[in-house]
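Enquirer: One letter stands for each residue in the lines below.
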Amino acid sequence: MADHSALQIGLRRQGRAVVISPKGDVDLTGSPALGVELRRAMSEAGVKVVVDLSGVPYMDSSGLATLIAAMLAAKKSHGEFAVCGLSERVRTIVQLAKLDRILPIVASLEDAVK
Amino acid sequence: MNDQPHIQLQIRSNPLFLSGVRELVYHVSHRAGFSETCCHQMSLAVDEAICNVIRHGYDRAADRPIWISLYFDGGLAEPDLSGAGGNGSAGSLAVSGAAGPTKAMRIVIEDEARQVDPATIRSRDLDDIRPGGLGVHIIHEVMDEVRYERRDSRGMRLTMVKQRRSPEVCGTEDAHG
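Quick mapping for you: the protein sequence lines, in order, are chains C and Y. Mapping to the working numbering: the first sequence position 37 is 37, numbers consecutive. Mapping to the working numbering: the second sequence position 17 is 17, numbers consecutive.
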């Protein structure tokens, strides 16, 4: 049975990148907390924000909206933003929303933090 | 024709219940013979529909009613509760991909939120890159039929239908959730 405890959000620095690692389903319950962490990380000038989704088995459109908001905020502040670690299920939801050509999706965490 | 739902539940409009509803839809559709891809698609559609009710219908109020009704059109396999099943278990039902009578799954979501013109509920332009507004698009992408209507008394009703196809067809669709 899938683990549906509250979304856990890890945060660590790797080089000049801040890696945000949510663990759990990113739905309407967890998306607001993820948005708060993203905004907090982006408030720091010159930082690259990376969202590692390898611990996310499921995401709905509220999670997609959170990622889009972060991407637009990064563009506005001339910051950098990347997403990596998409599971097959999350990737298909991203494709359903036709966001695979819009979100900066990187193949691996190593590539993302470069 | 008996048009009573096979499953009906009422939840409050609290997002905490989303995961439980997703799990229910996934597991019962799996047992009715839908492919894993189709089961994921239906649970995603239900999640998106309930999110829309909570956010737009109830303005995020967490204590309003939402009704979810599941219909297995064509019926369900009769469970063998005699204990004489070949696998030694006390009773068996259809498993995913197995032959069974279910032709389609119909999911009805009802609420008591403010009524809107169903024609105004549509996907936004995906070229307009902004947060939000993707739920209706996703529902239309993964379900075969989608119909919004006003309820007689108050609130809205969303009816979504997913046809059961062979696992080979449904499981290899390009877009699945």
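No lab work stands behind these hints, which were simulated from the structure alone. Check before you lean on any hint, since a few could be wrong.
The calculated EDC-like cross-link candidates involving lysine to aspartate or glutamate, where the alpha carbons are at most 16 Å apart (straight line), are [what the hints assert, rightly or not]:
hint : chain 1 : residue 1 : chain 2 : residue 2
1    : C       : 98        : Y       : 110
2    : C       : 98        : Y       : 73
3    : C       : 98        : C       : 88
Which residues of chain Y face chain C? A few of them, derived with a C-beta cut under 10 Å, are [as the list claims (entries may be wrong)]:
hint : residue
4    : 31
5    : 43
6    : 64
7    : 65
Which chain Y residues stay away from chain C? Per the calculated CB distances, all over 10 Å, these [said to hold, decoys possible]:
hint : residue
8    : 112
9    : 146
10   : 152
11   : 163
Just so it is clear, CB atoms sit at the ideal spot from N, CA and C, and this is done for glycine as well.
Enquirer: So, for every hint listed, does it hold in this structure?
Expert: Evaluated hints:
With a C-alpha separation of about 28 Å, the suggested pair residue 98/C and residue 110/Y falls outside the 16 Å cut-off, and the hint is violated. Of the supplied pair hints, the one linking residue 98/C and residue 73/Y is violated, its CA atoms being roughly 31 Å apart against a limit of 16 Å. For a cut-off of 16 Å, the pair hint linking residue 98/C to residue 88/C stands: about 15 Å separates their Cα positions. Hint on residue 31/Y is violated. Least Cβ distance to chain C is approximately 15 Å, over the 10 Å limit.
Restraint check, residue 43/Y versus chain C: the minimum CB separation of about 9 Å is within 10 Å; hint holds. The restraint placing residue 64/Y at the interface with chain C is violated, with a minimum CB-CB distance near 14 Å, outside the 10 Å limit. Hint on residue 65/Y is violated. Least Cβ distance to chain C is approximately 17 Å, over the 10 Å limit. Every beta carbon of chain C lies more than 10 Å from that of residue 112/Y, the smallest distance being close to 19 Å; the non-interface claim holds.
The claim that residue 146/Y lies off the interface holds: its Cβ sits roughly 14 Å from the closest Cβ of chain C, which is beyond the 10 Å cut-off. Its beta-carbon lying about 28 Å from the closest one in chain C, residue 152/Y satisfies the requirement of being farther than 10 Å from that chain. Look at residue 163/Y: its CB is around 18 Å from the nearest CB on chain C, clear of 10 Å, so calling it non-interface holds up.
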